[in-house]
Amino acid sequence: MDIKVNVREAAGHAYVVELSGEIDVYTSPKVKDAITELIDQGHYNLVINLGKVRYIDSTGLGVLIGGLKRVREHGGSVNLVCTNPQIKKIFDITGLVKIFGIYDDEETAMKALV
Amino acid sequence: MNGVQMSEGTTGVVELRIPRRAEWVAVARLAVAAVANRLNFSIEEIEDVKLAVAEACTNCILQRDAADQIEIVCDTKEDGITVRVRSFAGPAPSIEPPAPIEKEQQQIGALGIFLIRSLMDNVDYEHGQGRGTDLVMTKKVTS
Numbered sequence: 000m001d002i003k004v005n006v007r008e009a010a011g012h013a014y015v016v017e018l019s020g021e022i023d024v025y026t027s028p029k030v031k032d033a034i035t036e037l038i039d040q041g042h043y044n045l046v047i048n049l050g051k052v053r054y055i056d057s058t059g060l061g062v063l064i065g066g067l068k069r070v071r072e073h074g075g076s077v078n079l080v081c082t083n084p085q086i087k088k089i090f091d092i093t094g095l096v097k098i099f100g101i102y103d104d105e106e107t108a109m110k111a112l113v
Numbered sequence: 000m001n002g003v004q005m006s007e008g009t010t011g012v013v014e015l016r017i018p019r020r021a022e023w024v025a026v027a028r029l030a031v032a033a034v035a036n037r038l039n040f041s042i043e044e045i046e047d048v049k050l051a052v053a054e055a056c057t058n059c060i061l062q063r064d065a066a067d068q069i070e071i072v073c074d075t076k077e078d079g080i081t082v083r084v085r086s087f088a089g090p091a092p093s094i095e096p097p098a099p100i101e102k103e104q105q106q107i108g109a110l111g112i113f114l115i116r117s118l119m120d121n122v123d124y125e126h127g128q129g130r131g132t133d134l135v136m137t138k139k140v141t142s
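Protein sequences appear in the order of chains A and B.
First residue of the first sequence? That's 0 in numbering that gives the first Met the number 0, and the numbers climb one at a time after it.
First residue of the second sequence? That's 0 in numbering that gives the first Met the number 0, and the numbers climb one at a time after it.
Next comes chain B alone, as it looks inside the complex (with noise of 0.2 Å):
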């Protein structure tokens, strides 16, 4: 995990970056719990946004020509939270395509970005063969 910055309050930005590896979306998803906490989220809402960022680091886990490492950056306002997720694609370029995405990993993956869209207020996600996935997501509080 990367460096923390928090100013006073509950504005701030908060960034870290993990492994992209199955293991570490439960510590992704603690973290941005956590930081949702201070804001005035209510206990649903902060599941919300726990889900949402788990489903971006796993759409990041099962796109193959992402990167070894997933970034996620939050940045709290009083009014709610931004949560950009992403992984671009590795450095070194591929003589060879990336393997196809197998069915059923498609299929999850397509129920991850679902729902993301359903729990977040506001998404927007770009993902293209060769170039990772980028997902900023916003929720804001409604209490």
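The shape of chain A in the complex, shown without the other chains (with noise of 0.2 Å):
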């Protein structure tokens, strides 16, 4: 079990953090520390892609939730790709659909940035 993380800028100064496999206690610490370097760096507007994640726990929503707090104190966003139904429904239980722009694609939610 591992997790994949692959940063890249994209359009605008923003930048993609794209994740592929399973993001849980033991995975997430490496997600956090892409997000952490990335805005310590002074990257605020991110977009995560967890399209190719095929799990996530509380403490992934944690890092995701952290980053998400540190980039709005310097005015960003995070925005995040998701097509998976389970990890869809993790966001939803948790009312997390209302903090975060989920969307289905990379270029939409790359738009979607402020």
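Quick caveat, the hints were computed from the structure, so don't treat them as lab data.
Cβ atoms here follow ideal geometry from the backbone N, Cα and C, with glycine treated the same way.
One or more of the hints may lead you astray.
The list that follows gives simulated cross-link-like pairs (lysine-lysine, DSSO-like), each with its CA atoms no further than 27 Å apart [said to hold, decoys possible]:
no., chain 1, residue 1, chain 2, residue 2
1, A, K31, A, K87
2, A, K88, A, K51
3, A, K110, A, K31
4, A, K87, B, K139
5, B, K139, A, K88
6, A, K51, A, K110
Derived list of chain B stretches under chain A, where covered just means 3 residues or more per stretch with a C-beta under 8 Å from a C-beta of chain A [said to hold, decoys possible]:
no., segment
7, 15-27
8, 111-124
Reassemble the complex: the two chains are provided individually, in unrelated frames, and hints are given to aid placement.
Below, the structure written as structure tokens:
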């Protein structure tokens, strides 16, 4: 079980964090490190692509919430790409659909950034 | 992992014990998913059980006063599964009180318990300072 993290620059000074695998209590620190590093470098508009994520738990949600809090302090935003129904369900249950912009594809998520 | 007992059909008890470390949670959730798969759960319901068990294990890991092992017992009936996840307080009493859990970890723990309560049909959860954690949850087959 592992998580792969791919970070790339996109148009308009935004960055895409593409995740692949499972985000749990073991792997979430790796995701946190990637997001923290981007924010520390001054990148506050992020798209986090969960399209290839098969599983996420509360620690993974905590990392996303923490990232969103930090970028908002700088007027930034985090949009998510998510198509997995089970993961969407978790965002629904926890009410995080009201906090994050959640989109079906990366292009739409990029356009929707502030 | 400890011994496995399973009777014929869908009724039986499966026990496993994992080290109370993050890298072992995946083993617990996959094992319980395999057990749940023997019942007539839908794929979505199996995913619910899998996440709930993982959250319970994560909760044990986040508690400072739990033992170094997590015990997971699955009791399957034809109409559902009951899973007990517990990690009692370590045997050696500490003179110093356990270090307080960070606020971020407390929030994640609360989110985890909220998810378990949302995904499972019945949840009994006990945790007290110095007593470890003990969570029993049930999911009924709907199909």
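Going through the hints against the structure:
A C-alpha spacing of about 20 Å is found between K31(A) and K87(A), which places the hinted pair at or below 27 Å, so the restraint holds. Distance check on the hinted pair: K88(A) and K51(A) sit about 16 Å apart at the alpha-carbon level, within 27 Å; holds. Under the criterion of a C-alpha separation no larger than 27 Å, the hint pairing K110(A) with K31(A) is consistent with the structure, at around 24 Å. Among the hinted pairs, K87(A) with K139(B) is consistent with the structure: their alpha-carbon atoms are about 22 Å apart, no more than 27 Å.
Taking the CA atoms of K139(B) and K88(A), the gap is near 19 Å; set against the 27 Å cutoff, the hint holds. The straight-line distance between the Cα atoms of K51(A) and K110(A) is roughly 20 Å, inside the 27 Å bound, and the hint therefore holds. Using a Cβ-Cβ cut-off of 8 Å, 4 residues of the segment 15-27 of chain B lie near chain A, which meets the minimum of three, so the contact claim holds. Restraint check on the segment 111-124 of chain B versus chain A: 5 residues with Cβ-Cβ distances below 8 Å, three needed, restraint holds.
Hint check: no violations occur; every hint is consistent with the structure.
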